[in-house]
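*Asks:* Residues per chain, in single letters:
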Amino acid sequence: MEQAKKDIPEKKFSLLDESKKIFESRFYDSFFVGEYGKLEGVRSERYGLPFSVVILHIDSFYGGQKVPPKKDLLEFLKKLVNTVLKVIRSCDVAGMLEDKRIVVILPHTDYFGALITIKKISKALEFMTTQGEPYASIVYSHANSPKDAKGYGELVSFASKRISEIRESIWERMKLKNKYFWEVMALITEQSHKDFEHATFETGSNGALQNNFIQKINEIIVQEIARRPGKRGLLYIAAKEGISNQIIRKYLEAIPKTSTRVYLVGPGGKDSASEIKNATTISINDARFENNMFTFYLNEDSAYALICKENWGEALTCFHTSDPYFVEGIITKFQRDYSLQEHV
Amino acid sequence: MAGRNIVLLALKEKEERDKFVKFLDGKGFDSLSVGDGAKAIEIALKEAVSLIVVDLTLPVISGERLFQILKNNPKSSKIPFIFLSDTQVEIRGFRVGTDVLLMKPFKWEEMYGHIKRVELIKGDDSEGGKDIQGKLSQMSLVDILQILHFNKKEGELFITSGALAAIVYIKDGNIYNASLGEVEREKALYRLLSWQEGTFEFHPTAVTTPQRIQGTAGNLLMEGMRQLDEFEKARDLFPEGDSVLKTSIDTTTLPKGLKPIIYEILFLIEYYPRVNDLVDHCSFPDYDVFKTLSSLLTRRIIEEIKSAPKTEKVSEEFVSPTLAIRVKEKVITRWADMLSVNFGRFFLTAANQSYVKDFLMACKSLPDFSVDRKLAASSRDVNENTFGEVGSLNLYGDMDVVLFSVPASGGMGPFLNAFIANLIGMAVIWGDEDDEVLKEFANTRKEITSRRRIPVLYIYAGKAALGKEAALKYRHILNIKADEPIFTLSRTKEFAYKIFQELFEELVREDYISTGNYA
Numbered sequence: 611m612e613q614a615k616k617d618i619p620e621k622k623f624s625l626l627d628e629s630k631k632i633f634e635s636r637f638y639d640s641f642f643v644g645e646y647g648k649l650e651g652v653r654s655e656r657y658g659l660p661f662s663v664v665i666l667h668i669d670s671f672y673g674g675q676k677v678p679p680k681k682d683l684l685e686f687l688k689k690l691v692n693t694v695l696k697v698i699r700s701c702d703v704a705g706m707l708e709d710k711r712i713v714v715i716l717p718h719t720d721y722f723g724a725l726i727t728i729k730k731i732s733k734a735l736e737f738m739t740t741q742g743e744p745y746a747s748i749v750y751s752h753a754n755s756p757k758d759a760k761g762y763g764e765l766v767s768f769a770s771k772r773i774s775e776i777r778e779s780i781w782e783r784m785k786l787k788n789k790y791f792w793e794v795m796a797l798i799t800e801q802s803h804k805d806f807e808h809a810t811f812e813t814g815s816n817g818a819l820q821n822n823f824i825q826k827i828n829e830i831i832v833q834e835i836a837r838r839p840g841k842r843g844l845l846y847i848a849a850k851e852g853i854s855n856q857i858i859r860k861y862l863e864a865i866p867k868t869s870t871r872v873y874l875v876g877p878g879g880k881d882s883a884s885e886i887k888n889a890t891t892i893s894i895n896d897a898r899f900e901n902n903m904f905t906f907y908l909n910e911d912s913a914y915a916l917i918c919k920e921n922w923g924e925a926l927t928c929f930h931t932s933d934p935y936f937v938e939g940i941i942t943k944f945q946r947d948y949s950l951q952e953h954v
Numbered sequence: 274m275a276g277r278n279i280v281l282l283a284l285k286e287k288e289e290r291d292k293f294v295k296f297l298d299g300k301g302f303d304s305l306s307v308g309d310g311a312k313a314i315e316i317a318l319k320e321a322v323s324l325i326v327v328d329l330t331l332p333v334i335s336g337e338r339l340f341q342i343l344k345n346n347p348k349s350s351k352i353p354f355i356f357l358s359d360t361q362v363e364i365r366g367f368r369v370g371t372d373v374l375l376m377k378p379f380k381w382e383e384m385y386g387h388i389k390r391v392e393l394i395k396g397d398d399s400e401g402g403k404d405i406q407g408k409l410s411q412m413s414l415v416d417i418l419q420i421l422h423f424n425k426k427e428g429e430l431f432i433t434s435g436a437l438a439a440i441v442y443i444k445d446g447n448i449y450n451a452s453l454g455e456v457e458r459e460k461a462l463y464r465l466l467s468w469q470e471g472t473f474e475f476h477p478t479a480v481t482t483p484q485r486i487q488g489t490a491g492n493l494l495m496e497g498m499r500q501l502d503e504f505e506k507a508r509d510l511f512p513e514g515d516s517v518l519k520t521s522i523d524t525t526t527l528p529k530g531l532k533p534i535i536y537e538i539l540f541l542i543e544y545y546p547r548v549n550d551l552v553d554h555c556s557f558p559d560y561d562v563f564k565t566l567s568s569l570l571t572r573r574i575i576e577e578i579k580s581a582p583k584t585e586k587v588s589e590e591f592v593s594p595t596l597a598i599r600v601k602e603k604v605i606t607r608w609a610d611m612l613s614v615n616f617g618r619f620f621l622t623a624a625n626q627s628y629v630k631d632f633l634m635a636c637k638s639l640p641d642f643s644v645d646r647k648l649a650a651s652s653r654d655v656n657e658n659t660f661g662e663v664g665s666l667n668l669y670g671d672m673d674v675v676l677f678s679v680p681a682s683g684g685m686g687p688f689l690n691a692f693i694a695n696l697i698g699m700a701v702i703w704g705d706e707d708d709e710v711l712k713e714f715a716n717t718r719k720e721i722t723s724r725r726r727i728p729v730l731y732i733y734a735g736k737a738a739l740g741k742e743a744a745l746k747y748r749h750i751l752n753i754k755a756d757e758p759i760f761t762l763s764r765t766k767e768f769a770y771k772i773f774q775e776l777f778e779e780l781v782r783e784d785y786i787s788t789g790n791y792a
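Protein sequence lines, in the order shown, are assigned to chains A and B.
Add 610 to the 1-based position in the first sequence for our numbering, that's all there is to it.
Add 273 to the 1-based position in the second sequence for our numbering, that's all there is to it.
No wet-lab data here; the hints were simulated from the structure.
It cannot be assumed that every hint is accurate.
Unchecked claim - Okay, derived cross-link-like pairs now, DSSO-like style, lysine-lysine, Cα gap no bigger than 27 Å in a straight line:
1) A:Lys850 <-> B:Lys532
2) A:Lys760 <-> B:Lys344
3) A:Lys867 <-> B:Lys351
4) B:Lys603 <-> A:Lys841
5) B:Lys532 <-> A:Lys826
6) B:Lys348 <-> A:Lys867
7) B:Lys532 <-> A:Lys887
8) B:Lys532 <-> A:Lys860
9) A:Lys841 <-> B:Lys444
10) A:Lys757 <-> B:Lys719
11) A:Lys771 <-> B:Lys719
12) A:Lys867 <-> B:Lys425
What the hints assert, rightly or not - Pairwise CB distance ranges (calculated):
13) B:Ser627 <-> A:Ser774: 53 to 59 Å
14) A:Glu885 <-> B:Asn345: 53 to 59 Å
15) B:Phe296 <-> A:Leu649: 42 to 48 Å
16) A:Val652 <-> B:Ile750: 49 to 55 Å
17) A:Glu900 <-> B:Thr525: 55 to 61 Å
18) A:Ser774 <-> B:Glu363: 35 to 41 Å
19) B:Lys746 <-> A:Gln801: 34 to 40 Å
20) B:Lys532 <-> A:Lys787: 29 to 35 Å
21) A:Glu885 <-> B:Lys348: 34 to 40 Å
22) B:Ser335 <-> A:Leu649: 53 to 59 Å
23) A:Ser774 <-> B:Ala321: 53 to 59 Å
For each residue, glycine too, the CB sits at the ideal point set by N, CA and C.
Pulled out of the complex, with its shape left as it was, chain A reads as follows (with noise of 0.2 Å):
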């Protein structure tokens, strides 16, 4: 794969430097998206507004096997731009940040408003990349000021930096992007992990510490969430009480207001219509739910999936991770694979 990038000539992209005769006027080049991107950054530090950067890199063709024609290139490049274009707002600029690499600067957008556009604009192009078959590779990376950095070149960087992190990520790693939700949750659950930020662990008779350890991580976010009722962030929890799980209804019921979007999930029951304050309820009638756990925990500080799946004798086999682009990754499956609202 590294053979098969390093092959791609970087002439072939320098085609984009005559960017103005081949996109739309709203495609701008690397210099007058820098000059932007300094102005913009001096324009949110001063009236202390959030602002971000989504980068596009396009990291391979075919898996990295092999390189298309010129031509095709070109083409595919034309038409990603015009993509790109057609779902960012008019108040967002886009533009070549380098070879292979695209730019959109984001005025006034924090960090779930960067993800949404990722999610947007990947959703625009999930044909033209994979054409039926692995096509075209795109990594997205995106940085948001004050939280990341401040000024355009910083968040740059970042950005830039954070593409090389998601690579690695065990999202990318494993290969988890074109499998469905519940092969993710059974591959991820199969493997042993022992990393700071990727784990296994057992409860129940097998393991050192007790089930109720699951519904104890469930309080802690909870609690989390009440200490900033303000922070915008998302929860899934699918526990094995469902949605009649009444601790942590109790403790969200004691918060008094939450940006927090909060879904408990699982097979509807009595209490599927009853209202709970601060959450949602997401009824779903899987068999699948009936020995399989989760938390998805996502803000722009924090993140945090933990899988659960039932052995013999209530014992839990659990994976969980604090690796954002897992569980970005995870949530967006879950939503795609129960059609449900599309938050990230």
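Dock chain B against chain A, hints included.
*Replies:* Just chain B, lined up with the frame of chain A:
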């Protein structure tokens, strides 16, 4: 409370401050002067300051930072500022029509004009600022709250009785919260209902505090009055406030399904054996606590030790306001939304849960320390469940240091990593027989500090004093530097003081809590 118009002068040069004081004195204004930003914050939050004159180049905390902090604090958000600067500068958040920027040298007449204008604005504000005021002997608190409820008022009701002061927050006529010292919610409200003497003032203002009391004002007041009546009737059956209690059963064997208040009380008794302390720290209303205590005493689940000496409440200054503000600054400046961050997390990584308990026992002697009540309420087995928040220390400037106990078993890295964002420090606690987990601790410490540079405190919990040889061994395994101390775990106040002093002093030093790779 109202009436005095104090001008706070936060100016770098003493000569300039003296000149100002003389000038204001001549014009009939009261003034207070300070030479640095930290002291200015302290005074602005303590005194009824109506205007702040600030030098932008103030030491410790700059004039602009001082402005940001006070503007974001509900207690001081309305105070106008007069900024003094040598150059034309842009001040973030500057409120046109409220704040003034004057270039040095300025004319005293101009300064007087601005101060006078502020005084007029203040005067206008105070006319409508207090809708209702009076004495509790003339109008009871229940009546006042009902009037505010029927008129769907929004604002803060200040109540004072002797040395005690309380605030009830009202929005759309509903009672949002009540605070009386450290006590909040229904517990504080019901206590206030018993006040017969004192004064009250209602200030209409936008209430930004989160709603912590649920239910309609009518129901709350009815319930409060019922509890008050019941309390008076049953007073003789309740234990004395100064009595000391202890549990007579093994709390680990408690059955499931008891009322949450029972678990909470039995958990708190170990930390707050004196009845009054226990009642103060329990999250349930006073009457419910006394009633439950009485019932537990009757069933001999707890015992009363009547002759025990009264414990003295710690009143000495534990962390100076300046240090507390510097700690807060260090924690909050990392976030874009500073207002939403008022806590820092401190990981307790212990090889044995009993060490966490001992650590908490030491901490309970710290002023403004509370053992986590939810921990008690949610856990059936009070000895088992020390994963998560176990206590918090409230510092001057309203910042909490939340103690977060982390399980010793392996594989918890992802969970810790997910909650690392507001980490301000960690403690590693181990004993004589914990060599096996030390390597794991060393790895955890390494992983955490490679993501966030934080102070790490090492605490030895062995039976005997730590010998030189053993100390060398632990330094080697845990990779403790020669200049990093190893503390010895003890349940004493001195130990807790030493630990937190070390933590805070380390924290404000250099670029701690910064992100990046420090491995």
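*Asks:* Could you run down the list of hints and mark each one as holding or not?
*Replies:* Hint check results:
1. A:Lys850 <-> B:Lys532: holds (24 Å)
2. A:Lys760 <-> B:Lys344: holds (23 Å)
3. A:Lys867 <-> B:Lys351: holds (25 Å)
4. B:Lys603 <-> A:Lys841: Distance of about 20 Å is within 27 Å: holds.
5. B:Lys532 <-> A:Lys826: holds (19 Å)
6. B:Lys348 <-> A:Lys867: Since the Cα atoms of lysine 348 of chain B and lysine 867 of chain A sit roughly 22 Å apart, the hinted pair holds (cutoff 27 Å).
7. B:Lys532 <-> A:Lys887: With Cα atoms ~23 Å apart, lysine 532 of chain B and lysine 887 of chain A stay inside 27 Å; holds.
8. B:Lys532 <-> A:Lys860: With Cα atoms ~14 Å apart, lysine 532 of chain B and lysine 860 of chain A stay inside 27 Å; holds.
9. A:Lys841 <-> B:Lys444: Holds, because 22 Å separates the two Cα atoms, which is no more than 27 Å.
10. A:Lys757 <-> B:Lys719: holds (24 Å)
11. A:Lys771 <-> B:Lys719: holds (22 Å)
12. A:Lys867 <-> B:Lys425: Cα-Cα ~21 Å, so holds.
13. B:Ser627 <-> A:Ser774: 53 to 59 Å: violated (44 Å)
14. A:Glu885 <-> B:Asn345: 53 to 59 Å: 34 Å Cβ-Cβ, so the 53 to 59 Å window is violated.
15. B:Phe296 <-> A:Leu649: 42 to 48 Å: Taking Cβ atoms as reference, phenylalanine 296 of chain B and leucine 649 of chain A lie about 44 Å apart, which means the hint holds.
16. A:Val652 <-> B:Ile750: 49 to 55 Å: Distance hint for valine 652 of chain A, isoleucine 750 of chain B holds at roughly 50 Å.
17. A:Glu900 <-> B:Thr525: 55 to 61 Å: violated (32 Å)
18. A:Ser774 <-> B:Glu363: 35 to 41 Å: holds (38 Å)
19. B:Lys746 <-> A:Gln801: 34 to 40 Å: holds (36 Å)
20. B:Lys532 <-> A:Lys787: 29 to 35 Å: violated (50 Å)
21. A:Glu885 <-> B:Lys348: 34 to 40 Å: Roughly 36 Å apart at Cβ, these two residues keep to the hinted range, so it holds.
22. B:Ser335 <-> A:Leu649: 53 to 59 Å: violated (27 Å)
23. A:Ser774 <-> B:Ala321: 53 to 59 Å: holds (56 Å)
Comparing the model with each numbered hint stated earlier shows that hints 13, 14, 17, 20, 22 do not hold.
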